[in-house]
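**Student:** This is what each chain is made of:
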Amino acid sequence: MRTVPALAIALVVLLGAAPLIPLWLVFLLTVAFARGLVVLGVVIMMRAGLVSFGQSLYYGLGAYAAGLGANFYGVTDAILLVLLGGGVSALAGFALGFVMVRYREIFFAMLSLALAMILYGILVRSAALGSTDGFNLPPATFLGFVPDPQLGHVLVYGLAATMAIGSAMLLHRFIHSPAGVISEAILTNEIRVEYLGTSVIRILHLVYVIGATAAGVGGALVAIAAGHIDPDLAYWTTSGELVFVAILSGTGHVAAPLLGTVLFELVRSFAVQYSPYTWQMVIGFAMLALILFLPAGLWSLFSRKPRTGGTA
Amino acid sequence: MKGSTMAMLRGVGVSIAAVCLAVVPQATIAQQSGTFKLGVVTFLSGAAAGPFGVPARNAAELTIEALNGGKLPSPYANKGINGLTVEMVIIDEAGGTTKQVTEYRNLVERQRVDAVIGYISSGDCLAIAPLADELKALTIFFDCGTPRIFEDRSYQYLFRTGPHATMDNVAAARYILARNPNIKTIAGINQNYAWGQDSWNDFKLSMEVLKGDAKVVTEQFPKLLAGQYGAEISALLTQKPDVIHTSLWGGDVEAFTLQGRARGVFEGRTVVMTAGEPAMFRMATQIPAGTVIGARGPHGVFAPDNELNRWFRAAYSERYGTPPVYPSYKIVMAILGLKLAAEKAAAGKPDKPTTEAIAAAFPGISYDTPSGRIDMKLGKGHQAIQDMAYGVFRFEAAKGEPQLADAVRYPAECVNPPEGVKSEDWIKGGFKGAKC
Amino acid sequence: MTEPLISTRNLNKRFGAVVAADDVTLAIAQDETVGIIGANGAGKTTFLNIVTGYLKPDSGLVLFRGLDITQKSPREVTRLGIRRSFQVAQLFPNLSARDNLLVALASAESEWPTLSAILRTPARLAKAEEILADLKIGHAAERLVPELPQGQRKLLDIALAMMGNLALLLFDEPTSGISAQEKFPLMDRVMGATAERSATVVFIEHDMEIVERYARRVIAFYDGRIIADGLPDAVLANADVRRYVVGAELHRRGERPHS
Amino acid sequence: MGLTLIYGVMKILNIAHGSFYALGAYSAASAVGVYFSGNYPAMGSFLLLAICGVAAGAISGFVIERGVLRPMYGRDQIVMVLVTYAAFLILEDLIKLLWGVDPYFAYQPYALLGRVSIGGIDFATYDFVLLSLAIVTGACIWWGLNRTRRGKLLIAVIHDREISTAMGINVARIFTATFVIGAILGALGGAFTAPAISVVPGIGVDVIVLAFAVSVIGGLGSIIGAAVGALVVGLTRAAAVHLMPEVELFVIYAVMAVVLAFRPQGLFGQPAARKI
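These protein sequences, in sequence, are chains U, C, V and A.
The opening residue of the first sequence carries number 664 in this note's numbering; numbering runs sequentially from there.
The opening residue of the second sequence carries number 79 in this note's numbering; numbering runs sequentially from there.
The opening residue of the third sequence carries number 923 in this note's numbering; numbering runs sequentially from there.
The opening residue of the fourth sequence carries number 6 in this note's numbering; numbering runs sequentially from there.
Here chain U stands alone, though its shape is the one from the complex:
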């Protein structure tokens, strides 16, 4: 199990490299890591067969929780805001989980989509929150220290990277834990899991909350990084994108989603720059190519043999 040290090395490299990276890339990476974290949650859920088309619900919740905390309750500490975002989403996930885990496959996907769209509708209607314009967040502080904007972004980047890779480590541990492997077993044979004496519902609920929390933390990070939030965070296309990146990255390894998101953000950013009129098409073809040639996702490029069980 050398993944954890490897991740640690990666984190050190990323943090060490921070001063060397041009600022636009720092920001791009920050967003990528934040979203990567969300995708990581999606992947964990996918391994248990829960494909959510409404993860933007928790993504948006996290972002708005952070935004509200910052604007209306004067919490500007980045770390607190992230915890707030994660916490709120975790709670919501726990509550909704009782309903959600009763559904599977397309019904689960559609129900989560519906819930996310309801949140979107509510946000759009709430003029106090700026409706579709959303609102800005004040620059974040770190444990009482108020950095200048540039440094601030580097710090947020550091936070995002740490959060993302930190969670990757935790979740790596999770997917190799009994609960983690059982969640995989649920994907293919729920009834047998029940007949082994383990509650499918409980495991799924757990997994669902994990996904929600990751999404919340990611949302909060994006809110802090972008300094602005609006209901689009909760729109269904956002969820769609998350699922797609998840599938494109592959569910074989906790590092896959992070890597996949970074690449996706880069591809999109350059597609937008070099073909402003047809960037969607570029992405579309990229996706098709990936699905066609890398059925197991990007990760299959790196892992030597197709994964058997959880032993990636």
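Hints were generated in silico from the structure; no laboratory data involved.
In this text, a Cβ means the ideal position worked out from N, Cα and C, and glycines have one as well.
None of the hints are false.
Partner residues are not named here, just some residues of chain A that face chain C (Cβ under 7 angstroms, in silico):
hint, residue
1, Tyr112
2, Tyr115
3, Arg120
4, Ala129
5, Ala201
6, Val205
7, Pro206
Keeping the supplied structure of chain U fixed, place chains C, V and A upon it in accordance with the hints.
**Tutor:** Using the frame of chain U, we list chains C, V and A on its own:
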């Protein structure tokens, strides 16, 4: 397990490689001193592309070429911006605010543009605004309408050469009351997002102040790009209001017109389209006569008959086969403003003025554009105000072209709040300091 | 007489027109070894499904050590030590043979699987290897289930059923899909193991040789009804049984019932 | 309708459906434009609409199915959704390249039929024609599925792919057929809506989610369900618009959530049983 470690490391390797890939082109985009690099952000895809984004893009293209060729009428005749050739970098505004923030940073930090002109969506404007000062990047909003930008705080590097949306609706209220003082009932159909909600809110408030006894019978909020207004139209028809206010734009206003016309919504009442002008040439035969139409400023058909305008209309129509609409005018206003400020800052020296210098020279300038005079009056000289005009639609079958009759021009001070007053408070407070 | 380990009272279950369980009442005592026979569709598997809580009867009760478990879920029933194997092996195709066992081991250990600890502890791995070796599929430990031959899947399925606390084992056709020379060794191992853990065994079988050799008591189902119940010889000699069940079975093997 | 058909048969949630809708609308709009610039009998334009819808749907449907989906069959449901999403992105830009971003109109047919007055409110006759047309189509599909040999084949495929393959039914061809029909329905929808709207980029996007809602409420894969779903959605919206416009935005999804929560298989879907 071993495989996974290798995989991990290879993964990291690839991401680093990717990062390098990303950095390399930036090195190649070294900044040539001979040119003035201008980032232009408007909608190139999505529903806002047709009515706003592309007309603006076209106008920018046209103007910048003319600018570089020194073909603009005075006072803008000298080449480029202070003699520097203007190089345009265009970005699609579609994709949401987070993406726009990323792209804005890329423009400034990766592409090293000297200035950014753009943003139609108010959400994008709000998201970008703080970055302008943070990155010390000269940024000019040309279209987005929300008054919140400079009312919430003030900026050093951020300017908006387009007036904000308040005046559209204040003027709309004044105009319809002037035409028909005894209006009893009003109704609104506006898109269910910030623009629609704010527009309706301003209009409703103005009506309350100007004519207290006019009552609101129904306020419809179809969702953005709904395209189908069956239910809303039925609701409007049952309420039979004297006036219907709508800030629908682009495909929505066109769809609403088609469906409403077929069902007689326009009959026996006045419909005000605050953003109807871009539609009026495409739908010349479809918009019912008597519809009150605005252009979010004295643009298009409202534009004064000055040399700039004559040049612009002619050049634009000749090149793109259709007369320019207000987004086209508004982006020209932004480009000309930038040119003036930059040249003022350069003070006759040939080299490129610093961003700081331009930002210092910009506030408070007052200049002529194809759509008349602009004063950078609000927001400490960063926010433009401009006259506002409305007219009544009529299709000249003889000439085969649409016209706006009984056009009334409202001076800027009449429909814009004075410096330091929030639009909403200003309206509620009974338009204190309005010079009409 | 001591309280039976498991008993059912007037179980009824219909699927539309089909009667799957018709007033099924029986009691099985500790340490019995019961073979259930019956033609296809006689309601054998339905009986297992009801006992283990997968199906709820339209009426009737299932009692385990006097405790009413009729409405309990398969999970709760399993936790009580009533474990089963399946006619068609129920495994986790996305996991390796070893991981299948590890999952079963872990769930057997605690009802709340831990989040942070590692599943593949040396202890569990050792246990898994042991079982795999015992099933003579040690070589296939790394293989995904779909890569295993039918028979080995069956073995794995049975192995999964025998994890954790065992009071009552229910096998659904343990030897179907097992080669003729493999089936007796398999049953010997299974019976040995269950005997060690003093578990009561109930198995559904079509194979009369197996029934004759291992069952100490035979229950015959027909159309959801119990038509015979008693010592193997008696039941297998029963006329109805010969007509409706054994005959059918012999037919399946293309033999004539020797009168 | 097309969506639910495709899903029912192929278990593919087709996001590209929105693009079919858009394609239908665009081709109809431009065709009608040409049509009316010459002076032909105005009523012919309705036929034209139909033709455009069918043509656009058939072509694009066929191309997508053969070119994009065919290599992917047998993949996971969700992957298929992803594939259609990619197709959707591509088609979006393709439409932009073909037609540009300026809106297209085909308003002539809409006004052509005048209006009828019901309870003092005027309605465009066209909308009723549209409605009845939809009903007819729905009926045809239902009849086709349940009363014709081909339809029965389809249903067989729905019930068990392997068996039907074994029975020598050419599943692949049936898939193509279904997908094309579904696409045609989508495009028809677009074509016949075109006259009432201004055809602009992005009209496909919203249609998708709405179509999802409709099919989910009705029950994926159920034709009657789709019809009822559409009805429910329409009525709910209307009610919301008249009574409390501010909730109109998400009331649909609320309904969708409730339906799913209490009847996951949708109002008219069959619950799937798990055999052990």
